[in-house]
Every structure is written in structure tokens, then in C-alpha cells.
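Visitor: Chains X, L, A, Y and V: place on chain U using the hints.
Protein chains: 6
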Amino acid sequence: MRPTPRISRFPVPALADLPDDVRARILQVQDKAGFVPNVFLVLAHRPDEFRAFFAYHDALMLKEGGLSTAEREMIVVATSAANQCAYCVIAHGAILRIYAKDPLIADQVAVNHGKADLAPRQRAMLDFALQVALRSGAIGDADFARLAEHGFSDEDAWDIAAIAAFFAMSNRLANMSDMRPNDEFYLMGRTPRPGH
Amino acid sequence: MRPTPRISRFPVPALADLPDDVRARILQVQDKAGFVPNVFLVLAHRPDEFRAFFAYHDALMLKEGGLSTAEREMIVVATSAANQCAYCVIAHGAILRIYAKDPLIADQVAVNHGKADLAPRQRAMLDFALQVALRSGAIGDADFARLAEHGFSDEDAWDIAAIAAFFAMSNRLANMSDMRPNDEFYLMGRTPRPGH
Amino acid sequence: MRPTPRISRFPVPALADLPDDVRARILQVQDKAGFVPNVFLVLAHRPDEFRAFFAYHDALMLKEGGLSTAEREMIVVATSAANQCAYCVIAHGAILRIYAKDPLIADQVAVNHGKADLAPRQRAMLDFALQVALRSGAIGDADFARLAEHGFSDEDAWDIAAIAAFFAMSNRLANMSDMRPNDEFYLMGRTPRPGH
Amino acid sequence: MRPTPRISRFPVPALADLPDDVRARILQVQDKAGFVPNVFLVLAHRPDEFRAFFAYHDALMLKEGGLSTAEREMIVVATSAANQCAYCVIAHGAILRIYAKDPLIADQVAVNHGKADLAPRQRAMLDFALQVALRSGAIGDADFARLAEHGFSDEDAWDIAAIAAFFAMSNRLANMSDMRPNDEFYLMGRTPRPGH
Amino acid sequence: MRPTPRISRFPVPALADLPDDVRARILQVQDKAGFVPNVFLVLAHRPDEFRAFFAYHDALMLKEGGLSTAEREMIVVATSAANQCAYCVIAHGAILRIYAKDPLIADQVAVNHGKADLAPRQRAMLDFALQVALRSGAIGDADFARLAEHGFSDEDAWDIAAIAAFFAMSNRLANMSDMRPNDEFYLMGRTPRPGH
Amino acid sequence: MRPTPRISRFPVPALADLPDDVRARILQVQDKAGFVPNVFLVLAHRPDEFRAFFAYHDALMLKEGGLSTAEREMIVVATSAANQCAYCVIAHGAILRIYAKDPLIADQVAVNHGKADLAPRQRAMLDFALQVALRSGAIGDADFARLAEHGFSDEDAWDIAAIAAFFAMSNRLANMSDMRPNDEFYLMGRTPRPGH
Numbered sequence: 091m092r093p094t095p096r097i098s099r100f101p102v103p104a105l106a107d108l109p110d111d112v113r114a115r116i117l118q119v120q121d122k123a124g125f126v127p128n129v130f131l132v133l134a135h136r137p138d139e140f141r142a143f144f145a146y147h148d149a150l151m152l153k154e155g156g157l158s159t160a161e162r163e164m165i166v167v168a169t170s171a172a173n174q175c176a177y178c179v180i181a182h183g184a185i186l187r188i189y190a191k192d193p194l195i196a197d198q199v200a201v202n203h204g205k206a207d208l209a210p211r212q213r214a215m216l217d218f219a220l221q222v223a224l225r226s227g228a229i230g231d232a233d234f235a236r237l238a239e240h241g242f243s244d245e246d247a248w249d250i251a252a253i254a255a256f257f258a259m260s261n262r263l264a265n266m267s268d269m270r271p272n273d274e275f276y277l278m279g280r281t282p283r284p285g286h
Numbered sequence: 091m092r093p094t095p096r097i098s099r100f101p102v103p104a105l106a107d108l109p110d111d112v113r114a115r116i117l118q119v120q121d122k123a124g125f126v127p128n129v130f131l132v133l134a135h136r137p138d139e140f141r142a143f144f145a146y147h148d149a150l151m152l153k154e155g156g157l158s159t160a161e162r163e164m165i166v167v168a169t170s171a172a173n174q175c176a177y178c179v180i181a182h183g184a185i186l187r188i189y190a191k192d193p194l195i196a197d198q199v200a201v202n203h204g205k206a207d208l209a210p211r212q213r214a215m216l217d218f219a220l221q222v223a224l225r226s227g228a229i230g231d232a233d234f235a236r237l238a239e240h241g242f243s244d245e246d247a248w249d250i251a252a253i254a255a256f257f258a259m260s261n262r263l264a265n266m267s268d269m270r271p272n273d274e275f276y277l278m279g280r281t282p283r284p285g286h
Numbered sequence: 091m092r093p094t095p096r097i098s099r100f101p102v103p104a105l106a107d108l109p110d111d112v113r114a115r116i117l118q119v120q121d122k123a124g125f126v127p128n129v130f131l132v133l134a135h136r137p138d139e140f141r142a143f144f145a146y147h148d149a150l151m152l153k154e155g156g157l158s159t160a161e162r163e164m165i166v167v168a169t170s171a172a173n174q175c176a177y178c179v180i181a182h183g184a185i186l187r188i189y190a191k192d193p194l195i196a197d198q199v200a201v202n203h204g205k206a207d208l209a210p211r212q213r214a215m216l217d218f219a220l221q222v223a224l225r226s227g228a229i230g231d232a233d234f235a236r237l238a239e240h241g242f243s244d245e246d247a248w249d250i251a252a253i254a255a256f257f258a259m260s261n262r263l264a265n266m267s268d269m270r271p272n273d274e275f276y277l278m279g280r281t282p283r284p285g286h
Numbered sequence: 091m092r093p094t095p096r097i098s099r100f101p102v103p104a105l106a107d108l109p110d111d112v113r114a115r116i117l118q119v120q121d122k123a124g125f126v127p128n129v130f131l132v133l134a135h136r137p138d139e140f141r142a143f144f145a146y147h148d149a150l151m152l153k154e155g156g157l158s159t160a161e162r163e164m165i166v167v168a169t170s171a172a173n174q175c176a177y178c179v180i181a182h183g184a185i186l187r188i189y190a191k192d193p194l195i196a197d198q199v200a201v202n203h204g205k206a207d208l209a210p211r212q213r214a215m216l217d218f219a220l221q222v223a224l225r226s227g228a229i230g231d232a233d234f235a236r237l238a239e240h241g242f243s244d245e246d247a248w249d250i251a252a253i254a255a256f257f258a259m260s261n262r263l264a265n266m267s268d269m270r271p272n273d274e275f276y277l278m279g280r281t282p283r284p285g286h
Numbered sequence: 091m092r093p094t095p096r097i098s099r100f101p102v103p104a105l106a107d108l109p110d111d112v113r114a115r116i117l118q119v120q121d122k123a124g125f126v127p128n129v130f131l132v133l134a135h136r137p138d139e140f141r142a143f144f145a146y147h148d149a150l151m152l153k154e155g156g157l158s159t160a161e162r163e164m165i166v167v168a169t170s171a172a173n174q175c176a177y178c179v180i181a182h183g184a185i186l187r188i189y190a191k192d193p194l195i196a197d198q199v200a201v202n203h204g205k206a207d208l209a210p211r212q213r214a215m216l217d218f219a220l221q222v223a224l225r226s227g228a229i230g231d232a233d234f235a236r237l238a239e240h241g242f243s244d245e246d247a248w249d250i251a252a253i254a255a256f257f258a259m260s261n262r263l264a265n266m267s268d269m270r271p272n273d274e275f276y277l278m279g280r281t282p283r284p285g286h
Numbered sequence: 091m092r093p094t095p096r097i098s099r100f101p102v103p104a105l106a107d108l109p110d111d112v113r114a115r116i117l118q119v120q121d122k123a124g125f126v127p128n129v130f131l132v133l134a135h136r137p138d139e140f141r142a143f144f145a146y147h148d149a150l151m152l153k154e155g156g157l158s159t160a161e162r163e164m165i166v167v168a169t170s171a172a173n174q175c176a177y178c179v180i181a182h183g184a185i186l187r188i189y190a191k192d193p194l195i196a197d198q199v200a201v202n203h204g205k206a207d208l209a210p211r212q213r214a215m216l217d218f219a220l221q222v223a224l225r226s227g228a229i230g231d232a233d234f235a236r237l238a239e240h241g242f243s244d245e246d247a248w249d250i251a252a253i254a255a256f257f258a259m260s261n262r263l264a265n266m267s268d269m270r271p272n273d274e275f276y277l278m279g280r281t282p283r284p285g286h
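Protein chains in written order, with my numbering: chain U, 91 to 286; chain X, 91 to 286; chain L, 91 to 286; chain A, 91 to 286; chain Y, 91 to 286; chain V, 91 to 286.
Check the hints yourself; a few may be wrong.
Identical chains share a label here; the pair holds if one copy fits it or two copies do between them.
As the list claims (entries may be wrong) - Cross-link-like lysine to aspartate or glutamate pairs, in silico, EDC-like; alpha carbons within 20 Å at most:
1) K153 / D138
2) K191 / E245
3) K191 / E274
4) K122 / D148
To be clear, the hints were calculated from the coordinates, so they are not data collected in a lab.
If we strip away everything but chain U, and leave its shape as in the complex, we get:
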């Protein structure tokens, strides 16, 4: 039997030692997912940062808006791959497969979004997300105009950019802490598409 691998370079607190609100949030996730994604345990090392991180996450990923939940996860997977963040590619790849009901899309987007099974709108969305991730200093009117051609409003552009920006932070925290993706993520959502 394989020894349990380290999930962080930093100490991981026991649930019992955590502030009540942090522990409650973790138990709630565990209830829903059936396991605790390691990002919760790794960031619980710093409760104040934990609170702000997940408040920000929820403000971007759970809000209403012009992007579907699957599209938001596409942004996470594409930009996290560009940042070589194993945790976010593997964990959010699982979520993308589930939201998109598509067992293939996450691996495609992670390797090369330009070759993935995407609508032109989604390709434009990811082009912009990668510009935010990699060359944000060069963003200009032309980028917003290209998004508008694909039906994205300026508010949608903010959403795309803010998700790419939030995971620019998240990827760096995961890379710094050696955050390990849970084994559960690898297989989630990989059952073949119905009717295929």
C-alpha cells in the first residue's frame, strides 16, 4: 500500500484545531463532495487568508452572469495549465468534466485550447483569459472588441479576467506550497458521454 503522500510543504492543521467557521466550511464541502479537496486543508494553515480566498472564489465562481459554470471552469483549466499548476488543472479539470458533461474537454483544454472541441465563442473567451494570464499589460480596446464580436458584454469580460486573475493567484499559492491534488479528482467525470 502506497504511503499517504504529503499534500503541502507547510503544516496541515487538524480539523479540531481550526476556527469554527473554517471547520464548518470544510465539513460542508466534505458533505457535498464526499472528500475534502486538499486546497481547503492546505490554506487552512492561514485562517484569515482561507476566509478571504474562498469568499473571493465564491464571488467569482458562484455569481450569476453571462458565463456558464462550465465556461468558468474552462478558464481555470486553461490558465492553470499555462501556469503549470497541477492542483488546479487536475481538480478543476474534474469539475469541468462534470459541469460540461463531457469526459474529454478538460484534457483537451489543458494541453491546447486552440485544438479543443470548443465553440468559437469559447475559444475567444480562452484567448482573452490567456492574455490576462500571460500578457495582461498588453490588454486594450481591441481585446474587448473581439469579445464583443462573440457576444460577450463588458461585464462578461470582467468575469473572464477576474477568474483568470484569481487563479493567477491560486496557481502561485499551489505551486509555492506543493499543493497536491486529491487522488479522487483524476477519475471524476470520465464516464463516456451518453449517446456517444
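Guide: For chains X, L, A, Y and V alone, coordinates are given in the frame of chain U:
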């Protein structure tokens, strides 16, 4: 007289239209600084994101720890310059000059931290911060060892990385929104060093 | 039901129209794998190149030597990810999972080999493979010395480099032709490790 | 009191030891500026190179032509920032503020000329200057055509390119010699714009 | 007299020790060229790879098609220079001079194909070849459309890409093995163009 | 007969129309070399810049010092290749072959100085020259220490850096003006080494 330039590509809410807590935070800053830094007005366009952003900012920049307030601002200036973020370089350059009581340091760090008037410890700190900003996928044990040689604990390393990561996000939001630095920042803290 | 997606930007020949030896090779693969990996169908558009391609492939991937079959596939996955080649990452990721009897390793290596569950020897092997893939002009004695520290002979170094070089070619052919990975690859080898 | 910092990695000659023409040039600058910019003292270590350097500088920066003096300094600041040259960004930033009568423009151009308070003509000028600085091998007819759209003649294009090229040299000399910007530059030209 | 320099980091087999078909191929080349290009001797260290390599080479370089022999060699020289491969630039530079009956073209293409004495069609061909060499993940419909504007069919595009891909491999093998270009190549084809 | 190709994107003055000193310098070169290298004609379009350019050139390339004339030309060829400057690689490649009395060295240095027939001292010299050409902002004490290990004084380091810096300028001027190398350069110095 120059017309008031646009501070954001997005609508900027009137103070009166903001949720009470957001407005209170803005008024508090205005009281302390004598003006409202534009980042507050630009991000107030999205109150939930505003709240999470500043909660995160405060958790990193106001906490106790092994980094001085000036050192934290050095990280912001160096990484924001690497990301070509005018708002953060100019605004945090002002704060750095004030905290460091040094009218020269911010411009030096923004152009080339390797040539700036820094202690070896600070140079190592900024080397790591730029690694987080630009090549976080390659962070490894050797980076933590190098920080330790300069007296930085692992908790200090988290602080450095988390600040660089938070401003990786912040820089991208500012670049996306065309966030404009207030004119006030340019001159702040530029009076000569006493005894110089 | 999803329409059958295009597997190549170029015409794909019918089996019946192929030269006997090319058809025989394809039928043999189909027998063994249960399906025809698309690389065979896409390259069959050019029978002479097909023959040389697979002769070269077999000379590198089936030969005896100091690298295990799983290690060879690691080289393919790591360098193909660096070249953003969806076909090779996804198809050889499946083969890697099977040879390594490890459902996690391929995704880890594809995103960031420096954070993957690898022995130091394998990490050094992939460092060299990526040098071949991305900066071969700078290869020098120091690289061979580093491999030797991990027990790799000069012949092993040739093997690593030749595999990385062959897939430098293969990745470019796949990217040029829009070669599509078969749906079958995504799920292969993903069943949990026994005893885990 | 802070010790006088080193202005060069190389010996700095005493004025008395310099050839007459070199000393005369330095005294003339001191008369005009009120201090001796360090570039004169650092390069005086090599009188022949000093003479050629300033002859070249004057041929480009003092000549008549389609570029204003402020525009020439914008080119210096933008390209020197791309080359991480502290001396040139800080010294020529001061001169730019004075010529442009604008206390804000230098810092904006140094961080990201695409976000600076510039006319479209000036943005096109700096786009070309940065192409010369960073990717001169790819210059072609299209670049001259784009300049022409903004009213720049071919002679203006030469001026832009020659200034960017001269400071490509100057930046490398300053970076090699650890040339230190005089403290005086940081505050020059920073008084608020009249009527603002 | 200069000592004979090493032509490979690996052992170079004696002709007598080689399999008959490999030796026959080498003797045939020697007959034609008057000397044995070192690539034959260096790769003969691995006879199976030797056979596949030259079978592939011949399938691409000797086949009929829309590209002239000189154009194929242009692709080799331009992409090999981008990969810093001395063997391929110098050996195929010689062949290019001979096929093109032009003593100048090889050096021009090696340094900067955008400034070389080329027809627009050839420039477009090399633009695509370098995209294959350096950024193949971004190849898309627009690239094929641009080639079509210059009269290149999709089959021609495959030829260009396959040659660039094959030499992506070849360059990496040469760089890895320190393959040395024969002295004979440097002067071949350098006699002035008749009538010039 | 091939039409005379354009040697500059800008007007090339007739000798008769030039200031006396400029014309004298050109005639002197023609006397010595047997032809007028195009750089003289192209830059004569701007006599003041011409004068400063060649004064600077002579101050660096004709001075006494620790670098041989061949070593100075190696610096020019290696850095000009990195800048994709056809004029300087081809013209100074010729001069390098002549000064080094070596018909092979220039092509080797242009493609990959790390694989060229160089002494370790010369390799270290070119490593530093390329650092000046490509990453001068990162130059530091360690670079001077590495040069010292190979016997280079600080004054030699200045020479290396100043030559690399001067040709950083020169390469950009040549690339901007489409400066064409004279046909004569390609064959100069290519006769076999005596005794070889």
C-alpha cells in the same frame, strides 16, 4: 485645465449608491490618506469582489510577521513592474517610499531590483517574489533553502509568495480595467532623506 | 448523438486503398488495441512517411536499453505537453498509465513534471528531455554529467534525447494536421491502483 | 548620514586628471544642470569612448527633425525600461518630465507605455521604438507604413530607430558598469502641472 | 597541422564493422559527394535508427511535389538556424547554395530569412516553417490560408511542415551528439553566380 | 545578369555630394578593402551620425587591450547573430575569418558559439557578450568573477561589453535600414587553413 481622466474602463459607482460597508471602508481610507485611491472606486463596481479583495489584502499586508511593511511594499513594486501594472507600481511605489523613509528606493526597485540599494536579504526576497510572479511552476526546495540562508523562515516564504500571488491577481485586474493611479501618488514620499 | 469529429485536416484513406504493408500494420495494431489509434490513419495519407515514421518509432520505443517502457512514455508525455500536442499527451498519457500501472502519473507529468510522483532519477531524465525539446542548442557536458550522477550511461542519454527528438517531430506533425486523439485514450489506465 | 554610494564598478577619474576637452564638456554640463550627471563621470574612464558617445548622443538628441524633444525622451524612457536600465529610466525620466512639462508622464511610460497619457501618434512611435529595442530583426515595410499612418516620415522613422538603437547601447553600458543615477534626478520635474 | 577534431560525443563505428546495408549507403554517398558527411558516421552508431532516419529523410527530400529542391533546403537552413544546429545549417547551407545556384542565399536565410533575397512565396513558406519549428501548437486555418494565397496547396503545406518537423528531430540529435559539420561544406557552392 | 539590389531602405548619397571628411573616410576604406562596405554608404545618409558611429567603432575595435582583433570580431559575430543582423554577421564574419586565419570559425560562432572551435577563455568571453546583448539587466559580480577565472581583467570586461553594446546599436540600425551586406564578404577568408 486638464480634463479629469477616466479612472476605469468600467462604470465607477457614486459613493451614495454603494452598500454601507463598502462606502464606510472608502470613507475611512479617505480620512486617513486625504484622498480615495482609485483602486477602491474601480473595484466598488463589484461589491462582493471588493469585500474579498480588501479582506485578502489586509490579511497579507497588515498581519504580523517577519517582513517589515517596507519589505512587503518592495514585493508589490517589483512584481507589479514585472507585470507592467501602472496602478500598482505608482501607488505602492508611493507607499514604499513612505514606509522605507527613502525617496529613491521605489524607482530603483521598479526598474531593476538587482541594482537597487537593498540588503542581500532583501535582494533574495525579491528574487523569490519574482520567481513566484514569473515562473512559479519551477519553485522547489532550493528556493526555500536560499531564503533560509538569508534568515527567512518557511512562514516568511509563504508571506513573500502570498503577497506576490495576491498582486499577480491585482495587477491583472488593474491592467484589465485600465485602472488609473491617482495623481497624488507620484509625488508622495519624494522629499529628500533627512541627513542626506 | 455527437457527429464523428474530424481526425485530420488532410484526407484519411480507406483501409482498402492502402498499400498492403501499411494496411497490415494498421490491422495488427487494431487487433492488439481493440481500435486504430488515429496517428496510423492520419499518417497513412503518406505511405512512405508512414513506413519511416513507425520504423523510427519502433527502433526507439521497442528496443532494449536502460530505460523502462514507462520511462520512455514519461519522456513522450512531458515533451509533448511542452509542445502543446494534444494527440501525443492524451494517447501516450494512456500508455504511460498502463505501463507504469499508475492512474495518476500521466496527468501529473503533463502539467508539471517537477511536482510529479517521480524518483529523482526520473526527474533528472525529464529535465534532460525538456532541455532537448526546448533548448537543445545549449546541451553540453554538464548535462551528461548530471545524468551520470543518476546512473544514466551515455547510451541512455542518447535514448532519452532520441525519444525527445522523435516526438519533437511527431508533435509538429500532429499539430500541423490537427490530429485528433481517439476518445478511447482518455479513460484507459485510470482504474485505481491495486492496494490503494 | 548615508555614505556616498558607488557610482560605477570602474574607477572614476578626478576632473583634474581628464583631457581638457572631456573636462570642459563636464564643466559645461555642471554649469547648466547644477550637478554632473554620473554618466559623464563613469564614461570619462575611457576618454575616446566618451567623446564618441556624446557626439553620437548630440547628433540624435539635439538635431532638428519631426520629433519633439519630449518625444525623444519618451523613446529613451520606454526602451530603457524594457532593458531594465535604472540610470537611463531615472535620469531621462527627469528630462522627459521637464521637456513635456508633465510630472506624470515618465513613470507612466516607464511602466507601460500602452496605458500612458499619450496621443495615438506617440503610442505608435513607442510601439516602433520597442520593436527596435526588442525585435529589430522583424522590422519590415508594415512598420514604416504604420508610422506613416500617424504622419511620421521615413526620416522620422530613422530618428526613432536611431534613438532606440543608441540607448540599446547606452543601457548595456550602464548595466555593465553599475552606473548609478544621481539622487537629483528623482525629484526633478515633479511639481504639479500648472492649472491642474 | 590541426589534429582531426571529434565528430561525435559518441563512438563512431569503423565502416568495416557496420551492417552491409548501412555501409553500402555510406559508400554510395561517398561516391557521389567525394566525402562522407558526418551525419552518416555519427548516426551509424545506431543502425536501426540510421535506417529509419535516412528512409524518412529520402521520403521528404527526394519525393516529387510542389517545392523545388532549393526550397526544401531553405526550410532546413532557416529552421536549423532557429534551433542553433551547426551541423544542419552548415551542411544544408552548402546544399542550398548548390541547388539554388546562389552563393549568397544560405547565409542570408540562416541569419534572417525576412531580409533574404527571396520571393514573397518563399518568405511565406519560411514563415510557416518557422511557425512549425517554434510555435506548432498555434498552427491553425489562417496559416493554411496564407500559404494558399501564395499558391501552396495543402499537400505543399504538409511537405513544408514535415521537413521542418523532421529537422526539428535532426537538429536535436545533432545538438545532443555534438555532431560536427565536415570542413568540406563551408566552401561548397560559394563560387560567384555566373553573369554577376 | 542580376539587377543591383537595394543596399538601404533610405537614400544613398553619391560620393560627390558628401562632406569632405566623410568622403575621405570612404575612399580610404575603399583603398584598403578594394570595395566600399555598404555600412559606410548607408550611414553617410546622416553625416553627423556617420562621424560619431565610426569614431566609436574605431575607439573600440582599433584600441590596444587584452582582446585580440579576432576575439573582438567573434563578439561582433556572436551578438549580431543573436540580433538577427545579416549585415554584421556576414561582413564581420569575413573579417573574423581573416583575423583568425580560420575559414570555419565565423559560421560556427554565428550558429552556436557553444559548439564552436573555441578555447574555454573565448567561450566565457562570448557567454558574457551574449549576456550583455540579451540580458544586460542581470549582469552582476558573478559575471565579472567568471571572466576573471579565465584571465580577463575588469578592463577586458569593459571592452567585451562595450563591443557587444556598440553592435547592439549597429545591429538595430542595420535591421531598421535593410542594410545589405556586400557580395564580396561572403567568400572572403574562406580559403583552407594552411597545413590543413
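Visitor: Indicate, hint by hint, whether the structure satisfies it.
Guide: Here is how each hint holds up against the structure:
1. K153 / D138: between (22 Å within a copy, 10 Å between copies)
2. K191 / E245: Intra 26 Å, inter 37 Å, cutoff 20 Å: neither.
3. K191 / E274: The answer is both: 17 Å in one copy and 17 Å across copies each meet 20 Å.
4. K122 / D148: within (15 Å within a copy, 31 Å between copies)
Consistency note: the structure conflicts with earlier hint 2 alone.
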